[in-house]
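Number of protein chains: 2
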Amino acid sequence: MSTVPAFKRLPRAVREQQMLDAAVKVFSRRGFHAASMDEIAEDAGISKPMVYAYLGTKEELFVACLHREGTRMMQAIAGAATAPDLPADERLWRGLKAFFGFVGAHRDGWAVLYRQARGEQPFAGELATMRTRLVEVVAGMLDHALRAEGREIAALDLEVVAYALVGASESLADWLADHPEADPEKTATRMMNVAWLGAAQLLHGVTWRPPAD
Amino acid sequence: MSTVPAFKRLPRAVREQQMLDAAVKVFSRRGFHAASMDEIAEDAGISKPMVYAYLGTKEELFVACLHREGTRMMQAIAGAATAPDLPADERLWRGLKAFFGFVGAHRDGWAVLYRQARGEQPFAGELATMRTRLVEVVAGMLDHALRAEGREIAALDLEVVAYALVGASESLADWLADHPEADPEKTATRMMNVAWLGAAQLLHGVTWRPPAD
Numbered sequence: 000m001s002t003v004p005a006f007k008r009l010p011r012a013v014r015e016q017q018m019l020d021a022a023v024k025v026f027s028r029r030g031f032h033a034a035s036m037d038e039i040a041e042d043a044g045i046s047k048p049m050v051y052a053y054l055g056t057k058e059e060l061f062v063a064c065l066h067r068e069g070t071r072m073m074q075a076i077a078g079a080a081t082a083p084d085l086p087a088d089e090r091l092w093r094g095l096k097a098f099f100g101f102v103g104a105h106r107d108g109w110a111v112l113y114r115q116a117r118g119e120q121p122f123a124g125e126l127a128t129m130r131t132r133l134v135e136v137v138a139g140m141l142d143h144a145l146r147a148e149g150r151e152i153a154a155l156d157l158e159v160v161a162y163a164l165v166g167a168s169e170s171l172a173d174w175l176a177d178h179p180e181a182d183p184e185k186t187a188t189r190m191m192n193v194a195w196l197g198a199a200q201l202l203h204g205v206t207w208r209p210p211a212d
Numbered sequence: 000m001s002t003v004p005a006f007k008r009l010p011r012a013v014r015e016q017q018m019l020d021a022a023v024k025v026f027s028r029r030g031f032h033a034a035s036m037d038e039i040a041e042d043a044g045i046s047k048p049m050v051y052a053y054l055g056t057k058e059e060l061f062v063a064c065l066h067r068e069g070t071r072m073m074q075a076i077a078g079a080a081t082a083p084d085l086p087a088d089e090r091l092w093r094g095l096k097a098f099f100g101f102v103g104a105h106r107d108g109w110a111v112l113y114r115q116a117r118g119e120q121p122f123a124g125e126l127a128t129m130r131t132r133l134v135e136v137v138a139g140m141l142d143h144a145l146r147a148e149g150r151e152i153a154a155l156d157l158e159v160v161a162y163a164l165v166g167a168s169e170s171l172a173d174w175l176a177d178h179p180e181a182d183p184e185k186t187a188t189r190m191m192n193v194a195w196l197g198a199a200q201l202l203h204g205v206t207w208r209p210p211a212d
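Read top to bottom, the protein sequences are chains A and B. Each residue of the first sequence is one higher than the one before, starting from 0 at the first, in numbering that gives the first Met the number 0. Each residue of the second sequence is one higher than the one before, starting from 0 at the first, in numbering that gives the first Met the number 0.
Because the hints were derived from the structure by calculation, they are not lab data. Some clues are possibly wrong.
Copies of one chain are not kept apart here, so a pair can be met inside one copy or by any two copies together.
Stated by the list, open to error - Derived pair list, reagent style SDA-like, types lysine to any residue, alpha-carbon separation capped at 20 Å:
id: 1; residue 1: Lys-57; residue 2: Glu-119
id: 2; residue 1: Lys-47; residue 2: Ala-33
id: 3; residue 1: Lys-24; residue 2: Leu-155
id: 4; residue 1: Lys-57; residue 2: His-32
id: 5; residue 1: Lys-185; residue 2: Trp-207
id: 6; residue 1: Lys-57; residue 2: Met-36
id: 7; residue 1: Lys-24; residue 2: Tyr-53
Turn these sequences into a full structure, and let the hints steer you where they fit.
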C-alpha cells in the first residue's frame with residue numbers, strides 16, 4: 000500500500016488500535032450522542048487533536064469502531080463456518096456458536112454499537128453492508144448443502160431463507176445482550192433448534208403449503 | 000376521560016387523524032430529520048401552531064405516528080391469529096399473512112418509521128414495547144399448541160423461540176419493503192417454510208443437539 004518503512008507505520012497502526020479500543024469503551028458506556036472526544040482521547044492517552052487527525056470526526060470514529068468490530072465478528076463466524084467438508088448442520092452450528100460467543104463476550108459493545116447503528120445514517124449503511132455479507136455467507140452454505148443432496152432451489156428463495164435466519168440470529172443476539180446470565184453456547188443451540196430443524200426439512204424437499212381458503 | 004360533549008370532541012379526533020396521516024406521509028417521504036413541521040401542517044391543511052398544540056414537538060409527533068401505525072399492525076395480526084380452535088400452523092400462517100400484508104401495503108412507511116425508530120431514543124423504546132407484545136403473542140400461540148399436544152417447554156425456551164421467529168419476520172419485512180415487486184402473501188408462505196417446519200418438529204419433541212466436540 001505504501002513505501003513508508005514498517006518501523007514508522009507500526010506506531011500509527013498501534014495508536015489507531017488504542018484509539019479504537021478507547022472509543023469502543025466510551026461509546027459502549029455513554030452511547031454515541033453523550034460520548035465526548037475528550038473522554039476518548041483521555042482514555043487512549045492521546046491528545047484530542049491527534050484523535051481527530053488520525054480518525055476524523057466523532058461520526059467517522061464511530062463508523063471505524065463499527066467497521067472494526069463488525070470485521071472481527073465476520074472473521075470469527077467465517078473462520079468457524081468455513082469447512083466445506085463438514086455437514087451443513089455442523090457448519091451452521093459452528094457459525095452460530097462463533098456469533099453468539101462474540102456477542103456474549105461483547106455485550107456492552109453490541110448493545111450500543113449495534114442498536115445505535117441500526118437506525119442512524121450513515122451507520123445504518125455500514126450495518127446493512129455487513130448484514131448483506133452475512134446473508135450471502137448463509138445462502139452460500141445452504142446452497143452448498145442443497146447441491147450436496149442433488150437439489151437446488153431458486154436464488155430468491157435461498158436469499159429469503161437466509162434473511163430470515165440472519166434476522167432470527169440478530170434478534171436472539173439482542174436478547175442475549177440484555178441477559179447477562181444467559182449462556183452464549185446454549186443460545187446457539189436454541190437457535191439451531193429453531194433454524195436447523197426447519198431448514199433440514201426444506202433441504203429434504205419437505206415444504207409447507209397454505210391451506211385452501 | 001372528559002366531560003366535553005361529543006360534538007366538540009369529534010372534530011379534534013378527526014383533526015388529529017388528519018395530522019397523523021399527513022405526518023406519516025411526510026416522514027415517509029423525507030425521513031425524520033429532514034421532515035419539517037411546516038410541510039406536515041400544510042399537508043394536513045392546519046396551521047403549524049395548531050399541530051404543536053395538538054400533538055406536540057416533532058419528536059412527539061413521530062412517536063404518535065409510530066404508536067398509531069404499530070397499533071394498527073398489531074390489531075391486524077392479533078385479529079387474524081386469534082382463533083384458538085384453529086391448528087397452530089394455521090394461526091401462525093394467518094398472523095404472518097396479516098403482518099406481511101400490512102408491511103406490503105405500507106412499504107414507504109415501514110422503511111422510514113421502522114428503520115428510523117430502531118436506532119434512536121425515545122423511538123426505540125416504543126418499538127421495543129411493540130416487539131415485546133409481539134413476542135408474547137407468538138410465545139402464547141406456541142404454548143397453546145404445545146399444551147394441546149400434552150407437552151410443555153420452559154418459559155425461557157418459549158421466549159427464545161418467539162424472539163427468533165419475531166426477528167426472522169422483521170428481517171423479511173425489511174426485505175419486503177425493499178422489494179416492491181415481491182408478493183406479501185408469498186413472503187408469508189416463505190416465512191412459514193422457515194418457521195413452521197422447524198417449530199412443528201419442536202412441537203413434536205424432536206430436538207437438535209450439538210455434536211460431541
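Status of the hints after comparison with the structure:
no., hint, result
1, Lys-57 - Glu-119, "both (14 Å within a copy, 17 Å between copies)"
2, Lys-47 - Ala-33, "within (16 Å within a copy, 31 Å between copies)"
3, Lys-24 - Leu-155, "neither (40 Å within a copy, 31 Å between copies)"
4, Lys-57 - His-32, "both (9 Å within a copy, 19 Å between copies)"
5, Lys-185 - Trp-207, "between (28 Å within a copy, 12 Å between copies)"
6, Lys-57 - Met-36, "within (7 Å within a copy, 29 Å between copies)"
7, Lys-24 - Tyr-53, "within (18 Å within a copy, 42 Å between copies)"
In terms of the numbered hints stated before, the structure departs from hint 3 and from no other.
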